[in-house]
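> In case you want the letters, here they are:
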Amino acid sequence: MSTYYAGLFADVGILLLGALSVYIILATGQLSLGNAGFMGVGAYLASYLTVELHWPITAALLASAVSAAIIGVIVGFPALRLKGIYLAMATLGFGEMVRSFFLVFEPMGGSGGFRGMPHVSLSYIWLWAGGILLLVLVLERSRLWLEMRAIHDDETAAGLVGLNTTATKIGAFGFGAAVAAICGGLFAHHYVYIEPANFGFERSIDFVLAVILGGSTVGAGALVGSLLLVLLPEWLRFLVDWRLAAFGVLLILVLLTRRQGILDRALIARLTFRRRAAA
Amino acid sequence: MSDALLKLDNVSKTFGGIRALSDVSLEVPQNRIVGVIGPNGAGKTTLFNVITGAYRANDGEVLFNGDKVTQWPSHRIVRAGIARTFQNIRLFAGMTVWEHLLVAQPHQGNFLRRVLPSRLADPAAWQRAEEALEIFGLTDVRSSIARTLSYGMQRKVEMARALTAGPKLLMLDEPVAGMNHDEAEELRTLLLRLQGRGLSILLIEHDMAFVMNLCHQLYVLDFGALIAEGTPTEIRQNPIVLDAYLGSETTC
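Order-wise, the sequence lines are chains A and B.
Residue numbering for the first sequence is 122 to 400, as defined by this note's numbering.
Residue numbering for the second sequence is 4 to 255, as defined by this note's numbering.
With the rest of the complex left out, here is chain B (with noise of 0.2 angstroms):
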């Protein structure tokens, strides 16, 4: 159990009176794609934020790699390698495609290499933008602003940019929301591929089908607690779930 990458250990967070998140613990281990579910309101997006160090948890700790990270801030644990993306997509409104491959990721090196143009200084950051621009597909718009580009492409723009940042793990808000099928198939492939490449997931889903498709391991989240967790055929099962989140709607 102690080779999680990612463990969290009975984090609570507190907004004023409400309580968004109550005695979270969870773990993400090495290598594994790791679902957060859970009814709109429940704190996914509120845990995400925490684990980034957005917020601060009033309590329990967040481990990474070993490290407690809960009172870092948001750019060192970027940088000790989790990088996320935003159910709200933040892009650089005055970016290229190109740049925002480019601006996420970590210094090599001295001051020198910041502050000279980058493309003598740091070809090396210009070949990672290059294999992230492959990767996902966006070679064609490479000199669009990205806040210019359809929803779909935005959201490949700002895995792509968290991917650039190197990361050991990567935290999706929402990835397929506003993707037709396709894309979304697409999408999962790509996550898998990515896996296969020795990263770790966590990511907030709605679309239940994908998430049951992809995930290794899955928390439930309700009203700030957990209140199931395991693989997508146990919380398919499990009756809590079913009565909490999936009601009678469930089609799965």
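Chain A with its partners taken away, still in its complex shape (with noise of 0.2 angstroms):
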């Protein structure tokens, strides 16, 4: 592979992983914006375990995404007297002063970045984003998942058939907390530099843009998501200037016609039966 694909495909593992936090947090119907936060402190955190106390990579994921779990947590209390929109707001405040802080952290460099940090293959990135898409598409198929999803469609009549909505909306938060501080580690090491402005408000936004554009409602719609968003930018080039404006009229027209993204569950139930029944 070519270091231009390769580069490429580090990118989409990186953004699966970021996809799949937004997504493991929206499967309880909590749309999160502040995904780049979680991001920004396991990032932050795994370099600062490498760099500075010499601890070995996976070690360093490790206790980074335990530690964004926790915060998720936190955050996931507030969380649940928000709703809809009120909540995108405060997770985006939420990231927005993960931001801030870091760029006001002289011992992680400040504003001047933070650099030092082993690089990582692609195919270490890939065992990572591969390993939890795998871990979420067999989360699917558990109790826990479909509990998620009726708590997602209706709250309330979850609640009333038993189902602890608090605890499980918390839970999410703290998961989805974790993958997204493993997409921020990996990014660190893969870029072997990182600023604060690598975890701002448009970070957060392609995570959700990813998750929707190839399917809210599957995880393998991330994947999906995750592969267009970076490679057709590329793929557009051609256009030269013009490329990032065709790539938002491309964006609305699958919006238009696919309001819940190019996967759903009724399109994988269709070519799952389409290939058993060709077997």
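Please keep in mind that the hints were generated in silico from the structure rather than gathered at the bench.
A quick note: this is a predicted structure, and the numbers were derived from the prediction, not measured.
Don't take each hint at face value.
[To be verified] Not everything, but these chain A residues come out facing chain B in the computed CB check (under 7 angstroms):
#1 L265
#2 L284
#3 V375
#4 R379
Each residue gets a CB set at the ideal place from its N, CA and C atoms; glycine is no exception.
Bring the two chains, given one by one in their own frames, into a single complex with the hints.
Okay, here's the thing in structure tokens:
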């Protein structure tokens, strides 16, 4: 694989993890626009552990995932009181808070950024991205995921059929935050340089966009969305300065024709049925 | 009297200045079908919401199986053994009939069983869902998105979902609304069968013929207060009830 495509696929893997972190929280009906904040926490913490404390990268990623999960649970509690756009605004505020924190936090370089991380390979990134995608796809077949979907569809009814909506929603925030932190840790060790601007609002939007484009009701949608979001602007390079505008038009066209995103449960059921019928 | 499964003790609920329920006391004995009737706006659904923890009572106690459940969160009340349906059907928009019957079942055992694919981890739950499909005659539509079914079918899915929660008391909010006569008759037989298997049922209903032919005990609610209680025969002859609710239109 050329270094050009290797770089692109590293970006796809990192975006996939970010998209999955949004997808997991969205599965309980909560839209988070602050996942770049969790990503930033993971990036800075993992970098500190590998550079200053010389931890192996895998241990550093796991430690930052656990720490971000704790922060996610803490953020999840006030988020319980908010719904829809109000929750989106609050999480956006959290993300900006994290970004501004690292902007003034001199021990980790402040606005000058932080460097010196060991570089990770493309296959290492995909070990994590593929592993967590697989984990989510397996989880989707569990009782827990069914409960998350019930809360997504009708939270009050979910409580009244016996589901503990509070614990599930908070747990989803914690899990999503952990995945976002791994995304951040890998990002830091792929680019080997991070600065607060890497974890701004646009990054959170990219995650959400990948989920909505690919299909927000199935885990595989995050993969399709991440692939398109990274590769499409590249394939449109022949349009030179117009490529991002063209990308925007394509995006709107996709959402106009398939509001639920490119993949949904019905489509996947149909595809798997055909495969079974052919076999 | 103390062996009642559900007991309400002077329960009151106010919304702002409006008294939706005032000093309501009622009992559902073990293995009985009890009905609550009353005109629109009498507070019947509010009563259900207070019992299931969707609203908190301002005053009084709700006792279930000897426990004071008045302040418990909804999910805990359901797990204690009260499952309900809704007057305006509340099914999960994206779910198939089959998924509805899995999601409400109580958890058996450890967390691992909850996060592994349920087909492998919890075959007993699949078995119970299959049974519920059978009982309610939903086998043919198991893979359909529940919200796309007919109104009567949706009501059945709601009842089946409530039943898979493994309740001791099933609470039905206008179960035959939107059903034709045959469907209602079929449901009546079904509820008697469930009662025969040891279930207690508390239901709100407008269809007088349905209530009169099914319930052992009736309570009449008007403007948030109980105005009468008794067997269907007693209620039918009670002048206060005739006046307040059945009015001059009564034909039964």
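> Interface hint check: A/L284, Cβ to nearest Cβ on chain B, cutoff 7 angstroms. Holds or violated?
holds, 6 angstroms
> Does the closest beta carbon of chain B sit nearer than 7 angstroms to the beta carbon of A/R379?
violated, 16 angstroms
> Under the criterion of a CB-CB separation shorter than 7 angstroms, is A/V375 in contact with chain B as hinted?
Constraint on A/V375 not satisfied, violated at 20 angstroms.
> Have a go at the A/L265 hint: is there a Cβ in chain B nearer than 7 angstroms to its own Cβ?
With Cβ-Cβ at 5 angstroms, under 7 angstroms, it holds.
Hint violations for this structure: numbers 3 and 4, all remaining hints satisfied.
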